[in-house]
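S.K.: Chain by chain, the residues run as shown.
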Amino acid sequence: MQNISNIIVYVFSFLSLYFEIFLLITYIEKRKSIGEKADSEELNYFPTTTIMVPCFNEEKTLEKTVNSLLNLDYPKDKIEIFIVDDGSTDGTYEVAKKFSNNPQIKIFKKENGGKHTVLNFGIKNSRSELIGCLDADSFVDKYALKRIVYFFNKDKNTMAVVPAIKIHEPKNIIQKIQNVEYNLGVFKRKVLSLLDALYVTPGPFSIFRREVFETLGYYKHAHLTEDFEMAMRMQASHYKIDNSHKSFVYTVAPNSLKKLYKQRLRWTYGFIKNAIDYRFMFFKKEYGNMSFFLLPTAIFSIISAIYLVTVFIVEMIGKISDKILEIQVVGFKFDLSKWNFDPFYLNTETISILALMAGILSIYIILISQKIADDKVKIKLDLVYFLIVYPFIAPIWLFKAVYNTVLSKKTLWR
Amino acid sequence: MEINQINKRIRQATDWPKYFYTFIITVVIFSTAFYISQYFGNKKIEQIRQIENKISIDILSSETQFSLLAETSCKNIGTDIFSKELGNLADRLSYTEAKSGIDDAEVIDLKKYYSLLQIKDFLLMNKMAEKCKKKPISIIYFYTNEGNCTDCTKEGYVLTALREKYPSIRVYSFDNNLDLSAIQTLISIYKIEHNFPAIILDDKTYSGFQSLSTLEEIILKNHPELNVELNATSTATSTAGTSTVKK
Chain A
1 MQNISNIIVY VFSFLSLYFE IFLLITYIEK RKSIGEKADS EELNYFPTTT
51 IMVPCFNEEK TLEKTVNSLL NLDYPKDKIE IFIVDDGSTD GTYEVAKKFS
101 NNPQIKIFKK ENGGKHTVLN FGIKNSRSEL IGCLDADSFV DKYALKRIVY
151 FFNKDKNTMA VVPAIKIHEP KNIIQKIQNV EYNLGVFKRK VLSLLDALYV
201 TPGPFSIFRR EVFETLGYYK HAHLTEDFEM AMRMQASHYK IDNSHKSFVY
251 TVAPNSLKKL YKQRLRWTYG FIKNAIDYRF MFFKKEYGNM SFFLLPTAIF
301 SIISAIYLVT VFIVEMIGKI SDKILEIQVV GFKFDLSKWN FDPFYLNTET
351 ISILALMAGI LSIYIILISQ KIADDKVKIK LDLVYFLIVY PFIAPIWLFK
401 AVYNTVLSKK TLWR
Chain B
1 MEINQINKRI RQATDWPKYF YTFIITVVIF STAFYISQYF GNKKIEQIRQ
51 IENKISIDIL SSETQFSLLA ETSCKNIGTD IFSKELGNLA DRLSYTEAKS
101 GIDDAEVIDL KKYYSLLQIK DFLLMNKMAE KCKKKPISII YFYTNEGNCT
151 DCTKEGYVLT ALREKYPSIR VYSFDNNLDL SAIQTLISIY KIEHNFPAII
201 LDDKTYSGFQ SLSTLEEIIL KNHPELNVEL NATSTATSTA GTSTVKK
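Chains as they are written, first to last, in the numbering used here: chain A, 1 to 414; chain B, 1 to 247.
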């Protein structure tokens, strides 16, 4: 039994390492093209653009979100903003009305129906060439839209462009952990775009050609993760999704473990359910890297994270219960003066060495991510928090998401 | 734009060579990790062997020294070092066994040698005790690795603690499952029933778990001189540490 468990651990470690190396090789191969023209702001064509701001009880952040949109470096006559209040029960609508005199802004109020209904409502009311959305808890960088449009202008086959999302003013440990994670996301998103395997068009400022909705249809409920489903639908139809890694969008991150758990549970559950809905894309040559790399490794990483952490926790429980047994028998003893370092007792098992190698590789990838996201590399305490805390909290929502999927339990938005 | 126009886009082809060389790189990294682990594992085994060889030479030296001096003097025969070294060896063996598993052939081999060294040390101590009229306090401890012997684990903690408290006590631990005729002979000499853990203390056999206080009470009753040692060690920092192989 122990041997089987060891083999499973080795298989999972091998595949995790394979995934990291694959991303890294892709980055190294294409790193020159990543830097190239990434900052281009010179456009010869400015397509008309509608940005929807769906809001449900977002009175605190809505004004700042809309102001960031108004501040975009883009011709005023080419951009319109739809503030769509999805039946808020707080002062969101009153905040929205402050912008009623701005000709760029249209304000709508509808009955609560969920985010996908808001998006569809906005799409139906827009005639623009490009349509996007900005969650009311996110803020855009001044040049974000220009840099995104650059990708649309460059290739007429590009049907959607996703931005680089960063955390807005991370304050506590939970937010700082997410800061590292989001920076890592900037790297992964870029590399996945190079592999033609982007699997999500995130809510904050993903921009689409209107043809996407005209040909593929509107947003669906999609297990509360309409942004996963839309990307999957596009990939299934071979629509190109690109990434503008210098189009920065800042989002307010959950500031407590409970809020983070709820958000991630929804994301993970939604991803699994959508992956099941689009299971026909697995291991099919016509879907390229999406099919052979992204989807299998994403599902596998959920399973392996759950398994490896379970094995670790079981081992820890064994060690703790041994210690408790020892204390029960001979009492608690702690004498630092008797402790001396002996290299013999350094753990040199294969799995520990592999974990060390994977850890070094992860740190390297995180630093590259930082360089892409911030143009500089600075080792901060956030990295330590991320490496120590994240591997233990992530499996909580992964486990629950799998549990919910297996038992067909629905997850909630909030 | 029509849907079929969009569909004309040629999707990026799967880069099979990249899948392949990523696989090769991963295999190389994995193999390196295996190699490094194997290298350090062998180094550790080698280190244990060296300690065993050293103890073996030391015992032989003591036996020779004893034979040479026994007729005239009981002095100058050093034995305390062995106790520490045996303890050191036991700790390393115990750690290696926990990491490599109880079925590891190399570990079994090292444990057999360790057991024989303990028996030799025990016999030498008995001979010296007979000649010099000064018998060291010895505990022979039998345990089993089979099944889930929680009492054996507990007894291991007790004996380690006892040895730390009274560094002069010599603890000899034997794994009943080790296929070694010398251990079976010991078991038959002391008439150990297959009820583990079992302890021989002052020629008396105790089966089942014996608590620290029970053993301490027996030892202090039979060897009141240990109270003096206890007082001495309580004021000085002891670095001695002998433990049993099985904890």
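Don't take each hint at face value.
What the hints assert, rightly or not - Every beta carbon over 10 Å from chain B, so not counted as near; a handful from chain A, in silico:
hint : residue
1    : N172
2    : I276
3    : K285
What the hints assert, rightly or not - Think about it this way: if two alpha-carbon atoms lie no more than 25 Å apart in a straight line, the pair counts; the simulated DMTMM-like pairs of lysine to aspartate or glutamate are:
hint : chain 1 : residue 1 : chain 2 : residue 2
4    : B       : K133      : B       : E146
5    : A       : K284      : B       : D15
6    : A       : K323      : B       : E52
7    : B       : K165      : B       : D103
8    : A       : K220      : A       : E169
9    : A       : K323      : B       : E216
10   : A       : K156      : A       : E63
11   : A       : K154      : B       : D15
12   : A       : K32       : A       : E63
13   : B       : K18       : A       : D137
14   : A       : K30       : B       : D15
15   : B       : K99       : A       : D342
16   : A       : K323      : B       : D15
17   : B       : K112      : A       : D277
18   : B       : K84       : B       : E52
19   : A       : K323      : B       : D203
20   : A       : K333      : B       : E85
21   : A       : K76       : A       : E29
22   : A       : K146      : A       : D342
As the list claims (entries may be wrong) - What follows is a list of derived Cβ distance ranges for each label pair:
hint : chain 1 : residue 1 : chain 2 : residue 2 : range
23   : A       : K323      : B       : S56       : 33 to 41 Å
24   : B       : A98       : A       : I327      : 15 to 23 Å
25   : B       : I24       : A       : K124      : 26 to 34 Å
Note that these hints are calculated values from the structure, not bench results. Note that this is a predicted model, so its numbers are computed, not measured. Cβ atoms here follow ideal geometry from the backbone N, Cα and C, with glycine treated the same way.
S.K.: For each hint, tell me whether it holds in the structure or not.
M.R.: Okay, the hints, checked on the actual structure:
1. At roughly 36 Å from the closest C-beta of chain B, the C-beta of N172 of chain A stays outside 10 Å, upholding its exclusion from the interface.
2. Every Cβ of chain B is farther than 10 Å from the Cβ of I276 of chain A; the closest lies at roughly 23 Å, confirming the non-interface assignment.
3. Against the 10 Å criterion, K285 of chain A falls within the reach of chain B, whose nearest CB is about 7 Å from its own CB.
4. Distance hint between K133 of chain B and E146 of chain B is unfulfilled; the C-alpha atoms sit about 39 Å from each other, more than 25 Å.
5. Our distance criterion of 25 Å between C-alpha atoms is met by K284 of chain A and D15 of chain B, whose separation comes to about 14 Å.
6. The suggested pairing of K323 of chain A with E52 of chain B is violated, with an alpha-carbon distance near 29 Å, which exceeds 25 Å.
7. Only pairs whose Cα atoms come within 25 Å are accepted, and K165 of chain B paired with D103 of chain B is rejected, the gap being roughly 32 Å.
8. As the CA atoms of K220 of chain A and E169 of chain A are separated by approximately 32 Å, the hinted pair breaks the 25 Å bound.
9. Restraint check: the Cα-Cα separation between K323 of chain A and E216 of chain B comes to about 22 Å, which is no more than 25 Å; the hinted pair holds.
10. Under the criterion of a C-alpha separation no larger than 25 Å, the hint pairing K156 of chain A with E63 of chain A is inconsistent with the structure, at around 34 Å.
11. In summary, the hint linking K154 of chain A to D15 of chain B is supported, as the alpha carbons are separated by about 24 Å, within the 25 Å threshold.
12. The hinted pair formed by K32 of chain A and E63 of chain A fails the criterion: a straight-line CA distance of about 39 Å is larger than 25 Å.
13. Restraint check: the Cα-Cα separation between K18 of chain B and D137 of chain A comes to about 40 Å, which exceeds 25 Å; the hinted pair is violated.
14. Simply put, K30 of chain A and D15 of chain B have alpha-carbon atoms about 14 Å apart, close enough for the 25 Å limit, and the pair holds.
15. Note on K99 of chain B and D342 of chain A: the hinted pairing holds, with a Cα-Cα distance of about 16 Å set against a maximum of 25 Å.
16. Pair hint K323 of chain A plus D15 of chain B does not hold up; C-alpha atoms about 51 Å apart against a cutoff of 25 Å.
17. For the hint pairing K112 of chain B with D277 of chain A, the CA-to-CA distance comes to about 60 Å; that exceeds 25 Å, so the pair is violated.
18. Only pairs whose Cα atoms come within 25 Å are accepted, and K84 of chain B paired with E52 of chain B is accepted, the gap being roughly 13 Å.
19. A threshold of 25 Å between alpha carbons decides the hint, and for K323 of chain A with D203 of chain B the separation of about 32 Å lies outside it, so the pair is violated.
20. Restraint check for K333 of chain A and E85 of chain B: the C-alpha separation of about 23 Å stays at or below 25 Å, so the hint holds.
21. For the hint linking K76 of chain A to E29 of chain A, the alpha-carbon distance of about 39 Å lies beyond 25 Å, and the restraint is violated.
22. With a C-alpha separation of about 59 Å, the suggested pair K146 of chain A and D342 of chain A falls outside the 25 Å cut-off, and the hint is violated.
23. For K323 of chain A paired with S56 of chain B, a C-beta distance near 34 Å keeps the hint of 33 to 41 Å intact.
24. For the pair A98 of chain B and I327 of chain A, the beta carbons lie near 19 Å from each other, so the given range of 15 to 23 Å is met.
25. Here the CB-CB span from I24 of chain B to K124 of chain A is close to 52 Å, at odds with the stated 26 to 34 Å.
Hint violations for this structure: numbers 3, 4, 6, 7, 8, 10, 12, 13, 16, 17, 19, 21, 22 and 25, all remaining hints satisfied.
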